[in-house]
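Trainee: Each chain, letter by letter, is given below.
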Amino acid sequence: MASYSTSEFKGGLKIMMDGDPCSIIENEFVKPGKGQAFSRVKIRNLKTGRVLEKTFKSGESVEAADVMEVNLQYLYADGEFWHFMDPETFEQVSADEKAVGDTVKWMKEQDLCTITLWDGSPIIVAPPNFVVLTVTDTDPGLKGDTSGSGGKPATLESGAVVRVPLFVQIGEMIKVDTRTGEYVSRVKEG
Amino acid sequence: MTSGDPANSDWRPAATQEMLRARAGLLADIRTFFRQAGVLEVETPVCSRFGVTDPAIESFTTRYTGPAAAHGETLYLHTSPEFPMKRLLAAGSGPIYQICKVFRGGELGTRHNPEFTLLEWYRPGFDHFALMDEVASLVNAVLPSALPVERLSYGEAFQRYLGIDPHAASFASLRQCAIDAGIPDAETLSLDGADAWLDLLLTQRIEFHLGRERLSFLFDYPASQAALAKVRQGTPAVAERFELYLEGIEIANGFHELTDAQEQQRRFEQENATREERGLPTVPMDRNLLSALASGMPECAGVALGIDRLLMRVTDVASIEEVLAFPYLRA
Chain A
2 MASYSTSEFK GGLKIMMDGD PCSIIENEFV KPGKGQAFSR VKIRNLKTGR VLEKTFKSGE
62 SVEAADVMEV NLQYLYADGE FWHFMDPETF EQVSADEKAV GDTVKWMKEQ DLCTITLWDG
122 SPIIVAPPNF VVLTVTDTDP GLKGDTSGSG GKPATLESGA VVRVPLFVQI GEMIKVDTRT
182 GEYVSRVKEG
Chain B
1084 MTSGDPANSD WRPAATQEML RARAGLLADI RTFFRQAGVL EVETPVCSRF GVTDPAIESF
1144 TTRYTGPAAA HGETLYLHTS PEFPMKRLLA AGSGPIYQIC KVFRGGELGT RHNPEFTLLE
1204 WYRPGFDHFA LMDEVASLVN AVLPSALPVE RLSYGEAFQR YLGIDPHAAS FASLRQCAID
1264 AGIPDAETLS LDGADAWLDL LLTQRIEFHL GRERLSFLFD YPASQAALAK VRQGTPAVAE
1324 RFELYLEGIE IANGFHELTD AQEQQRRFEQ ENATREERGL PTVPMDRNLL SALASGMPEC
1384 AGVALGIDRL LMRVTDVASI EEVLAFPYLR A
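Those protein sequence lines, which keep their order, are chains A and B. The working numbering applies: residue 2 is where the first sequence begins, and numbers increase by one. The working numbering applies: residue 1084 is where the second sequence begins, and numbers increase by one.
I should point out that these hints are in silico values taken from the structure, not numbers from a laboratory. Mixed in with the good hints, there may be bad ones.
To be verified - Listing some non-contacts, in silico: residues in chain B with all C-beta distances to chain A over 12 angstroms: (1) Val1122; (2) Val1225; (3) Gln1345; (4) Gly1379.
Said to hold, decoys possible - Selected chain B positions facing chain A (in silico; Cβ < 8 angstroms): (5) Ala1139; (6) Thr1193; (7) Asp1268; (8) Leu1272; (9) Asp1278; (10) Asp1282.
Model, not experiment: these values are computed from the prediction. Just so it is clear, CB atoms sit at the ideal spot from N, CA and C, and this is done for glycine as well.
Looking at chain A on its own, in the form it has when it is part of the complex (with noise of 0.2 angstroms):
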């Protein structure tokens, strides 16, 4: 079993803990000038997406998480889960409800995902960074928000809500920001 010793500790490395596969955000090496070295991590669990601290003695070892990114291609779903597969290979792999998570708001057939496989399977789905999505309901009217933000909500095709300019309109494709959940352009058919 391949396993990581405190000094092999930084951000991004994945480990087991508790039975659940974590990943290390921060590693502070703490060191009185004369006595016992520790290690101080702050780690995420990857199926809960729970950030806790540890506190590791220098030269420990942790078990090594066999955890994996890869980009799939979305296809469908089937009520109860999500299929995606390897543009390259063709295989497949379907995630459930929760590792797909409020990722679905954002999920359009053929787009790139970024899952996350624990052990060959997914544990979580995320979007690309930018999606071109079609707008299906809006206020029609130029009217729309008076306050000042110059905006107004629009539902697109998968379902996400988001602030668009008062120009944008039903049937219109727009590019939005999955990161901040934000409209950055109207995008022409291509």
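With chain A held as given, fit chain B onto it using these hints.
Mentor: Okay, now just chain B, sitting in the frame of chain A:
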């Protein structure tokens, strides 16, 4: 492929030009301080046949082969210039200081770099209290504005912040204290002894409070953590040792120095025995230091102060990388 890849930015210094000037200014200020105080600047060897036995300190080693060592011999890079400086004191140097690079294995982080700059000085006739005063004078002379000075014994600090007597508490009660204080994993950590629990409590729950808008001196350590300090008998017996903290960071460590050659040898042997127990390499103890002590080193106090960490405070930056031209990863 050419050897000079323009996309590689590691050739650039991590410190700004302004920081390089701040470092030069700090070094100049320190030298002025000691010239005015009549303390002599000295240099001692970086490489020695002898090393430091302290199990918590890991020395780098190198090899020399050539005249006087035809088949080569292992040399230890100093982790502090303490031993040869004490030999100078025993030879009648009077008060001395040194600014030098020192080397410690296994230490890298926001406050650690494996090679760093130490200011070390010795004052014959001083005890650790008199030296704390001089450390405060020096530090206040180089900080942007002088700060008030607080002295807190090790025992008072543990009482104030954790409500426990560090000199009397058992291994089990220290462990319980760490659990009660909410230190992550205190229940499952396997530590070698009471001192390791004290180190955990100090670094995780006390240091943070020390040196806030002031200079905090922690003094009179447990006798088990004497290192090279005199132990003052009493109830409890304490090591005449101190540390200076600024904004939660340890800046300096000083001793009312042990002058007893036999006691020094006993501690070296004890530390090497601990090294063996822990599966660490033993280190040849410095026979020249023991001879110097036996020939009579003056009663004195000495202190080692981390220049890089002091510069972090002077310039108000959070990471040691910012004060080094080329920190470890760019070295």
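Trainee: Hint Leu1272/B vs chain A: min CB-CB distance below 8 angstroms?
Mentor: 6 angstroms, holds
Trainee: Answer holds if the nearest beta-carbon of chain A is closer than 8 angstroms to that of Asp1278/B; otherwise answer violated.
Mentor: 7 angstroms, holds
Trainee: If I take the minimum Cβ distance from Val1122/B to any residue of chain A, is it greater than 12 angstroms?
Mentor: 22 angstroms, holds
Trainee: With chain A as the partner, please determine if Asp1268/B meets the hint condition of a C-beta pair closer than 8 angstroms.
Mentor: 5 angstroms, holds
Trainee: Is the Cβ of Val1225/B farther than 12 angstroms from every Cβ of chain A?
Mentor: 20 angstroms, holds
Trainee: Regarding the hint that Ala1139/B lies at the interface with chain A, is the smallest CB-CB distance below 8 angstroms?
Mentor: Since the shortest Cβ distance to chain A is 5 angstroms, the answer is holds.
Trainee: Over 12 angstroms from every CB of chain A: does Gln1345/B meet that, or does the non-interface label fail?
Mentor: Its Cβ never comes within 12 angstroms of chain A, the nearest being 22 angstroms, so this holds.
Trainee: Quick one, is the Thr1193/B hint okay against chain A at 8 angstroms, beta carbons?
Mentor: Holds, because the Cβ-Cβ distance from Thr1193/B to chain A comes to roughly 7 angstroms (cut-off 8 angstroms).
Trainee: Please confirm whether Gly1379/B is truly not at the interface, meaning its C-beta sits more than 12 angstroms away from all C-beta atoms of chain A.
Mentor: Fine: 26 angstroms to the nearest Cβ keeps Gly1379/B off the interface.
Trainee: Holds or violated: is the Cβ of Asp1282/B closer than 8 angstroms to a Cβ in chain A?
Mentor: 4 angstroms, holds
Violated hints: none; the structure is consistent with every hint.
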